[in-house]
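From first to last, the protein sequence lines stand for chains A and B.
With this note's numbering, the residue at position 139 of the first sequence is 139, and numbering never jumps.
Numbers given in this note's numbering equal positions in the second sequence, counted from 1, plus 346.
Take these hints with a grain of salt, some might be off.
Lysine to any residue pairs mimicking SDA-like chemistry, simulated, CA-CA at most 20 Å apart [unchecked claim]:
1. Lys473(B) <-> Lys88(A)
2. Lys459(B) <-> Gly222(A)
3. Lys422(B) <-> Asp434(B)
4. Lys88(A) <-> Lys459(B)
It is worth saying that the hints were derived from the structure and are not from the lab.
Spelled out from the first residue to the last, the chains are:
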Amino acid sequence: MNNWILGNPQNAKDIVLSSKIKLMRNIAGISFPGKLDENCSKDVVYKIENYMDKQSSIYNESFKLMHLWDCDNLIINTYMERQLISSKMLKEKQKIGLMIKEDETVIVTINDEDHIGIQCTSAGLSLKETFEEVNKIEEFLEEKVDLAFDERLGYLTTSPANLGTGMKASIMMHLPALTLNKEINSLFKGLTQVGMNIKSVFKEEDANFGNIYIISNQVSLGISEEEIINNLEAVACEVMLQEKNCRNQLMKNYEYEMKDKIFRALGTAQNSIMIDLRESIELMSYIRLGVELDILDKISISNLNKLMIEVQPYNLRLKNNKALSEKEISIERSLLIKQYLKNIEN
Amino acid sequence: MLCEKCNKNRATVHLLKIINGNKQGIMLCERCANELTNIPSIVNFEELDEFKFQKLVSGLIDYMNNSKSEGDRYEKLICNNCNTTYKDFRDTGFLGCSKCYDVFSDMINPVIKRIQGDVEHIGKIPKKSSEYIIYKRKLLKLKSELQESILVEEYENAAKIRDEIKNLTNSINFGEDGNNE
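So that you can see chain A by itself, here it is in the shape it has in the complex (with noise of 0.2 Å):
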């Protein structure tokens, strides 16, 4: 299993950039996590440590334990920036508890929404085995814990959203082709009729930019988890084709433009001097389908995901260790991309 940071090299320039599972649980008995006073949470988050420490046995990694009482705002919003947990954590760090895995890709969280959140994140469409991956961990904690379950509504959850299998399945995929279409709208529309979300990954007041999109499902209740799993893989499928005939047919009626455009993405890259958030996702969008066109080389996908994270806000004052202004952020920011660019010659 692959972080998907690192990519898959086989598949890398596949479209979708990564696949993730999540499974809520609650346990038994216990108020939900609002419910909970600070105490509470605490030792619920002591209890499945104590649980999940026998892990070791099973797992040849050990997993790193985390009390986000006791971590710096900066780590948090660090991780927020690399997808492992959301915003809502940053507020509710008195009561949380997080189990990472070393290499990333697994991660559980206690006392989110839900008392338990395992998830796991890996490269490319791999729904499957990180399907897998979760359900091991989960069977794994179903024995030493009375989850909160009904017969007929499934696990019990806070949110009624997400009843049934408790279970949050998305794919993360790169759409620069049917966004500059407008395809994209059609797409939004029509995934929710077959109980699917879109979102863009980067929003800023309400615009999208970025070209990056997380699908996930929106049912959870009277669907199995396989039924979703290739649901959504038949979706992603399906859009990674029309994203693939988009891209074939804007090169083959705008080759110069779109050269131009990548070109160009790429000069400003290698030579700006400041830059903010939006535009350096923007340009990275079309460094990044150079890559997937083949037009540009000497630039992997790996390193472009790499970028993607640490080029925001929290994980620039993270590497430089020290407060800095938004000026400071973007001349750090603009360093960094020329760091991880240069010697691109094409």
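Got chain A sorted already, so can you dock chain B onto it with the hints?
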């Protein structure tokens, strides 16, 4: 100090309205401030998404239960296990504990139908509960088969099924609640 609009949350935003030189100030919590001014103080995309969806759920709950005359009765409902009130659920879209699903079942069920569809869980079952659930499902199936046989006057068959039921209930000894909540 408390928000002057909802009187519930702590006031963290001071909204100052200056019209033609007249100053009007009001202390608000973040949520009320957002509602009044549409100025997003949260920039993170994920937070906006979550917030909107939960608001949708709350809106649904409100809509579905407003038209019923029992609306007043619902207001008084409270879960003994976690002290969640109907208002809490309506405001946040979140429940407080597993018992809430029983306490508020009347109002939750239509919401679940809207969000998830009118269905029952067919996915994974926790191993601890699975035996009991399989037993229950088999029992139900046998009982309905028994009824059918009686209706079509196949009494021999009915007798066989009756014995099967007897064997099943005797061999597996479960309490009233079984193993699941």
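Evaluation of the provided hints:
Among the hinted pairs, Lys473(B) with Lys88(A) is inconsistent with the structure: their alpha-carbon atoms are about 32 Å apart, more than 20 Å. For the given pair, Lys459(B) sits about 10 Å from Gly222(A) by alpha-carbon distance, which is consistent with the 20 Å threshold. Our distance criterion of 20 Å between C-alpha atoms is met by Lys422(B) and Asp434(B), whose separation comes to about 12 Å. Taken as a hint, the Lys88(A) and Lys459(B) pair is broken in the structure, with Cα atoms around 27 Å apart against an allowance of 20 Å.
Hints 1, 4 from the list above are not met by this structure, while the remaining hints are.
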